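Each protein sequence line maps, in turn, to chains A and B.
Under our numbering, the first residue of the first sequence carries the number 290, and numbering increases by one thereafter.
Under our numbering, the first residue of the second sequence carries the number 290, and numbering increases by one thereafter.
Just so you know, the hints here were simulated from the structure itself, not pulled from any lab data.
Only a predicted model underlies this, so the values are computations on that prediction, with no experimental measurement involved.
One should not assume that every hint holds.
Chain B stretches covered by chain A per the calculated footprint, using a threshold of three residues with CB under 8 Å from any CB of chain A [as the list claims (entries may be wrong)]:
| # | stretch |
| --- | --- |
| 1 | 401-410 |
| 2 | 495-503 |
| 3 | 507-514 |
| 4 | 522-531 |
| 5 | 576-582 |
| 6 | 600-614 |
| 7 | 639-653 |
We put the CB at the ideal spot given by N, CA and C, even for glycine.
Number of protein chains: 2
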Amino acid sequence: MDFNSAVENAYAVGDPRNVVSVGVMGTARIARSHLWGIQGLEGVKVHAVASRSIEKANAFADEFGIPTRYGKYEDLLKDDKIDAVYIPLPSSLHLEWVVKAAKCNKHVLLEKPCAWNSDELLTMLETCRENKVKFMDTVFFMHHSRLKQISQQLANASLGPDGPTHVLSTFCFRGDESFFQNNIRVAAGLDKLGCLGDLAWYSIRIALFAFNWDLPETVSATYVIEKDGVPFDMNGSMLWKSKAVDGCGIPIVRSTMFHCSFVHAWQEDVLISGQDGTLAFEDFVIPRSTSHAPWFIRTNIDQTRKPSGMEWSFNQSEHNVGETKQERQLWQAFRNHVLNEDNKGAFWPGISLLTQLCVDALHQSAANHGAQTVVDPGHLWEKFTKLYNI
Amino acid sequence: MDFNSAVENAYAVGDPRNVVSVGVMGTARIARSHLWGIQGLEGVKVHAVASRSIEKANAFADEFGIPTRYGKYEDLLKDDKIDAVYIPLPSSLHLEWVVKAAKCNKHVLLEKPCAWNSDELLTMLETCRENKVKFMDTVFFMHHSRLKQISQQLANASLGPDGPTHVLSTFCFRGDESFFQNNIRVAAGLDKLGCLGDLAWYSIRIALFAFNWDLPETVSATYVIEKDGVPFDMNGSMLWKSKAVDGCGIPIVRSTMFHCSFVHAWQEDVLISGQDGTLAFEDFVIPRSTSHAPWFIRTNIDQTRKPSGMEWSFNQSEHNVGETKQERQLWQAFRNHVLNEDNKGAFWPGISLLTQLCVDALHQSAANHGAQTVVDPGHLWEKFTKLYNI
Numbered sequence: 290m291d292f293n294s295a296v297e298n299a300y301a302v303g304d305p306r307n308v309v310s311v312g313v314m315g316t317a318r319i320a321r322s323h324l325w326g327i328q329g330l331e332g333v334k335v336h337a338v339a340s341r342s343i344e345k346a347n348a349f350a351d352e353f354g355i356p357t358r359y360g361k362y363e364d365l366l367k368d369d370k371i372d373a374v375y376i377p378l379p380s381s382l383h384l385e386w387v388v389k390a391a392k393c394n395k396h397v398l399l400e401k402p403c404a405w406n407s408d409e410l411l412t413m414l415e416t417c418r419e420n421k422v423k424f425m426d427t428v429f430f431m432h433h434s435r436l437k438q439i440s441q442q443l444a445n446a447s448l449g450p451d452g453p454t455h456v457l458s459t460f461c462f463r464g465d466e467s468f469f470q471n472n473i474r475v476a477a478g479l480d481k482l483g484c485l486g487d488l489a490w491y492s493i494r495i496a497l498f499a500f501n502w503d504l505p506e507t508v509s510a511t512y513v514i515e516k517d518g519v520p521f522d523m524n525g526s527m528l529w530k531s532k533a534v535d536g537c538g539i540p541i542v543r544s545t546m547f548h549c550s551f552v553h554a555w556q557e558d559v560l561i562s563g564q565d566g567t568l569a570f571e572d573f574v575i576p577r578s579t580s581h582a583p584w585f586i587r588t589n590i591d592q593t594r595k596p597s598g599m600e601w602s603f604n605q606s607e608h609n610v611g612e613t614k615q616e617r618q619l620w621q622a623f624r625n626h627v628l629n630e631d632n633k634g635a636f637w638p639g640i641s642l643l644t645q646l647c648v649d650a651l652h653q654s655a656a657n658h659g660a661q662t663v664v665d666p667g668h669l670w671e672k673f674t675k676l677y678n679i
Numbered sequence: 290m291d292f293n294s295a296v297e298n299a300y301a302v303g304d305p306r307n308v309v310s311v312g313v314m315g316t317a318r319i320a321r322s323h324l325w326g327i328q329g330l331e332g333v334k335v336h337a338v339a340s341r342s343i344e345k346a347n348a349f350a351d352e353f354g355i356p357t358r359y360g361k362y363e364d365l366l367k368d369d370k371i372d373a374v375y376i377p378l379p380s381s382l383h384l385e386w387v388v389k390a391a392k393c394n395k396h397v398l399l400e401k402p403c404a405w406n407s408d409e410l411l412t413m414l415e416t417c418r419e420n421k422v423k424f425m426d427t428v429f430f431m432h433h434s435r436l437k438q439i440s441q442q443l444a445n446a447s448l449g450p451d452g453p454t455h456v457l458s459t460f461c462f463r464g465d466e467s468f469f470q471n472n473i474r475v476a477a478g479l480d481k482l483g484c485l486g487d488l489a490w491y492s493i494r495i496a497l498f499a500f501n502w503d504l505p506e507t508v509s510a511t512y513v514i515e516k517d518g519v520p521f522d523m524n525g526s527m528l529w530k531s532k533a534v535d536g537c538g539i540p541i542v543r544s545t546m547f548h549c550s551f552v553h554a555w556q557e558d559v560l561i562s563g564q565d566g567t568l569a570f571e572d573f574v575i576p577r578s579t580s581h582a583p584w585f586i587r588t589n590i591d592q593t594r595k596p597s598g599m600e601w602s603f604n605q606s607e608h609n610v611g612e613t614k615q616e617r618q619l620w621q622a623f624r625n626h627v628l629n630e631d632n633k634g635a636f637w638p639g640i641s642l643l644t645q646l647c648v649d650a651l652h653q654s655a656a657n658h659g660a661q662t663v664v665d666p667g668h669l670w671e672k673f674t675k676l677y678n679i
C-alpha cells in the first residue's frame, strides 16, 4: 500500500487566520482532560457541549467557560456555528453518532477505540468522505514533539542496517473498585473491547508507526483475564513477514509484542530494537512530565570478560524535547486537518483503520485460543484507498 | 506441588574444609567464561579438562593452569580424583554424557538447555539419583546476591496485596556471520531448541522464580524466525490460572511474556508487576557491572492533571548489591550442593525440570501456530517427586 503521500500531507498547516469551532458530545472524564489541556489554545474555540443530562452539560460548560449547552446530542449537531465535534462517547455509540455528525457536515475527532470492528469504522469513514468532513482519532502521542524526533532517528538506520525490527510495549494501569463496577471500559455493552480497545490501541499504533504504517501479516493474542467477554488483561504479538534477508542471510521478520492490562500497576514502556541498537522511553502514552520528555538510544553494545566475571556495556545517548503539551498539539493537528484541502485528509483516518484492522485480528485470535491469525484488509482497505484516492 | 522444603535446603552450606575436584568436559567459549570467572575460588579445584582434540584440551589447560588433560571424555570420567564434572557440550550430547558421568559417580553441573525434552532430562535425573550424585544447571543469575534481595522484596507484598502477577522479560543478542554459520546454538543437529533453549531458558526461569516455582497451566509461543526448525527469534507467554480473586473480585491470573532472539541488539530487561507497583532491572542475565547491581521499585503511581496537560508520577527507590561475582557464586553453590546430604538435593534438579517442562510446551505451541498449550507435568513431575521424596 502506498501511504507515503498521505503521511507527507498529514502535518500540513491550515490558514492561521481561521478558527475551528468545536462541539463536545459528552462530559466523560477523558473529555475533561482534553478541555483542561487546550484552554487558551489559539485557532480552536469550544462553542458548545452536549450531554443527555442538561445538568451535566451546564456543569461542564461552567467549568470550562463554554457558551452553549445542549441536553441532546442532536441539538448540538444542528448548531450551524459548529464546524467540528469531539466525541468521547463509549465505543458502542460511535457508529451512530459519527454517521449523524458527518451527515450534519461536522468534522469528527473521535475517542479510541474508534469502533467495535473495521466494518463499522469504514462505514463511518465513508459517511465522512461523502459529506466532505475530516476524521481523526485521539492518540495524543502521535502529536507529541518527541515522536517526530524519533521518526527521524528510526529513518537514519542508527538501530541497524535494516532499521527497527522489533517493538516491545507495555501499557497497564490498575483500576479501582469503582472502575471495575462502573467504568464504560469494562462494560460489555459499552466498550466491549476492554483493554484491547482502550490500551492495546496505543501499543498497536506505536508498532505501526515504527514500521512505516505497514499492516502486519499475522497476529496472536491471549486474553489473560476476561469478564463477560471483555478483556481486562491481555498480551498480543504481530508479525510483518517479508522476502528480504539481512546481512547474514537471515529472513527479516519485523514483529511487536505487548502487554496491556487494567489490573497491573501503571507502566507504559516502549523498547524499539534493531540489529545494532535499541531505542527506549518509559512514558509513551502520557508523559511523566510536560516540561521534559527524554528518550534513549543504546549502541555499541558489547560484552567484556573481566577477572571478576562477565559484564556488558554500551554507549547510551539521551535525547529529549523541552516543554511539550501533547493535548494542545493534538488539537492543533486536528484544526490543521480540518482546514486543509479535502484531498489531503487520508493519513489520520488511514491510521485509525490500520489500527482497527489489527484490533479485529487480535480479537479473533484471542477467541481462537491465541492461534496465529491472518490480518486480512481485503475489501476494507481497498475501499478505503479508493475512497481517498491513495 | 510442595517444593518449599526443597527451596529451604537449596542454599545449605557444605563443610568448608572439603574441596570439590572438577573435570571440565569440553572447551567451548562458555567454558572459558566459567573458568575465567572462578580462578582462585576456594573449595573448588579444576583437576582436569577433556576434549575430543587433545590439542584443544592442552591449550585450555595451559591457559587456566589445569594439571590433567584428556583427549577423550571417557578417560576423564575414569579419573577417580574427580568428584564432579562440568558439561558445556551441545544439548544433543547431554543425555549421553550426563548418564555416563552419573554412572561413573560424578556429580554434574550442566549447561542449559539441559535437554531436548523433559523425558531426556528425567532419564538423566534418574541416573543421577540412582548413583547418588547431584545435578545442577548453569543459570548464573540464580546465584547472584541481587536475586536473594529481590526474593525477599517480592515476599513482602510491596508490589500489591496479591504479590507479583506479571513478569515481562526480554533477552536478545545479535549474532554475527560466524555465529549463524558455525555456532552450535543455531545448528539443528546440536542445539535444535535455538533461542528457546539458549535464551528463553532464562526468561522462563525468572518467571518461575517470581511465582514461587509453580508450574504454569498454559503457554503460547510464536517462532518469528526459524531455520531448519531452529528458532532464531521468538516470543512466548505463560499463564498461571487460579481460583482466587483480588480485592475487586477480579480473578487472579499470573502471567509472563517474553521476547528472545539471536537477531536483535543486546537486551536483558525484566519488569515484574503487581497491582500497586513494579520492580525492574535491566541486566538480569549478565550484569552490566560486577561491582554494582541495581534494581528499582516504583510505587504510589499517580496521574496529575496540570494546566500544561496530563502527567504521571511515582516514588522510585533504587536498591543494589555491591560487588558480586555471579560465576563464583554459582560454583560455590554447586560445591555446597555436592557436599550436602543426599536428601537435600531436590531444588536444583527440580527447577531444571520445571524449566524444561515449560520449554516442551512452548515448543509444542510454536509447532501448533501459537495455540494455547496445556503444560502437563503428568507422570514426569510425579516421577521426580517420588525420586527425591518431596
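Taking the hints in turn, this is what the structure says about them:
{"no.": "1", "hint": "401-410", "in the structure": "violated (count 0)"}
{"no.": "2", "hint": "495-503", "in the structure": "violated (count 0)"}
{"no.": "3", "hint": "507-514", "in the structure": "holds (count 4)"}
{"no.": "4", "hint": "522-531", "in the structure": "holds (count 4)"}
{"no.": "5", "hint": "576-582", "in the structure": "holds (count 5)"}
{"no.": "6", "hint": "600-614", "in the structure": "holds (count 6)"}
{"no.": "7", "hint": "639-653", "in the structure": "violated (count 0)"}
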